[in-house]
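Asker: Residues per chain are reported as follows:
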Amino acid sequence: QQQVKQSPQSLIVQKGGISIINCAYENTAFDYFPWYQQFPGKGPALLIAIRPDVSEKKEGRFTISFNKSAKQFSLHIMDSQPGDSATYFCAASRNTDKLIFGTGTRLQVFP
Amino acid sequence: DAGVIQSPRHEVTEMGQEVTLRCKPISGHNSLFWYRQTMMRGLELLIYFNNNVPIDDSGMPEDRFSAKMPNASFSTLKIQPSEPRDSAVYFCASLLRGQGEAFFGQGTRLTVV
Chain A
1 QQQVKQSPQS LIVQKGGISI INCAYENTAF DYFPWYQQFP GKGPALLIAI
51 RPDVSEKKEG RFTISFNKSA KQFSLHIMDS QPGDSATYFC AASRNTDKLI
101 FGTGTRLQVF P
Chain B
1 DAGVIQSPRH EVTEMGQEVT LRCKPISGHN SLFWYRQTMM RGLELLIYFN
51 NNVPIDDSGM PEDRFSAKMP NASFSTLKIQ PSEPRDSAVY FCASLLRGQG
101 EAFFGQGTRL TVV
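Just so you know, the sequences run in chain order A and B.
Going by the numbering used here, the first sequence runs without a break in its numbering and finishes at 111.
Going by the numbering used here, the second sequence runs without a break in its numbering and finishes at 113.
Rather than coming from a laboratory, the hints here were simulated on the basis of the structure.
Given the structure is predicted, the values throughout are model-derived calculations rather than measurements.
All residues carry an ideal CB built from backbone N, CA and C; glycine is no exception.
A hint or two may mislead.
[Claimed, not checked] Taking lysine to any residue pairs in the SDA-like style, the calculated list, with each CA pair at most 25 Å apart, reads: (1) A:K98 to B:E44; (2) A:K42 to B:M40; (3) A:K42 to B:N30; (4) A:K42 to B:G16.
[What the hints assert, rightly or not] Footprint (simulated), chain A over chain B, 3 or more residues, beta carbon under 8 Å: (5) 48–57; (6) 64–76; (7) 87–95; (8) 104–113.
Just need the whole structure built from these sequences, with the hints factored in.
Answerer: Below, the structure is given as structure tokens:
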């Protein structure tokens, strides 16, 4: 009930391509779904977040797609750049308490 | 604000020794979280506090781990006695309830030999 499942574990994309990372959850009480970006030696930092009252949120090259009925959400990175190379974590929480993270996706973008 | 401040950044200790990790949350934030990150298990929530009160410590692996938050500006995570399998990066994060965004510190890389 508390798990957030994330895939793939790693992703290699060419510069300019689209990176897609998927997450699934079980607990229907979750009402906040953020994505965090982590660079080596740093703590995770919020990238973009969505609440279940909308199906999509876009910020620049980053888009979250949310499917409430399937209990799935995904991160799309358009025009991927080498600077996007990092580990990405999806997460979920209820009332912003107890943020539960997925296992992470290591993204490598090659020139 | 300087963000969430954790100390030390790196800690190497011998098995059996006591280890204390420290965290100063962002001023005004009322929730604080301790996470452990390993390659195998990703980011695991160990414990979180609301208004300095521990709310959920179900993620604390065993009795060797303890956490305190004596006031709104300081928290500690203690491991006694430490074991090699405790080697990981430990993160502290804080947020203002209702705002959603959790801010993470730089982490403490713990190595138990």
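Asker: Which of the stated hints cannot be reconciled with the structure, identified by number in ascending sequence?
Answerer: The structure breaks hints 4 and 6; every other hint is satisfied.
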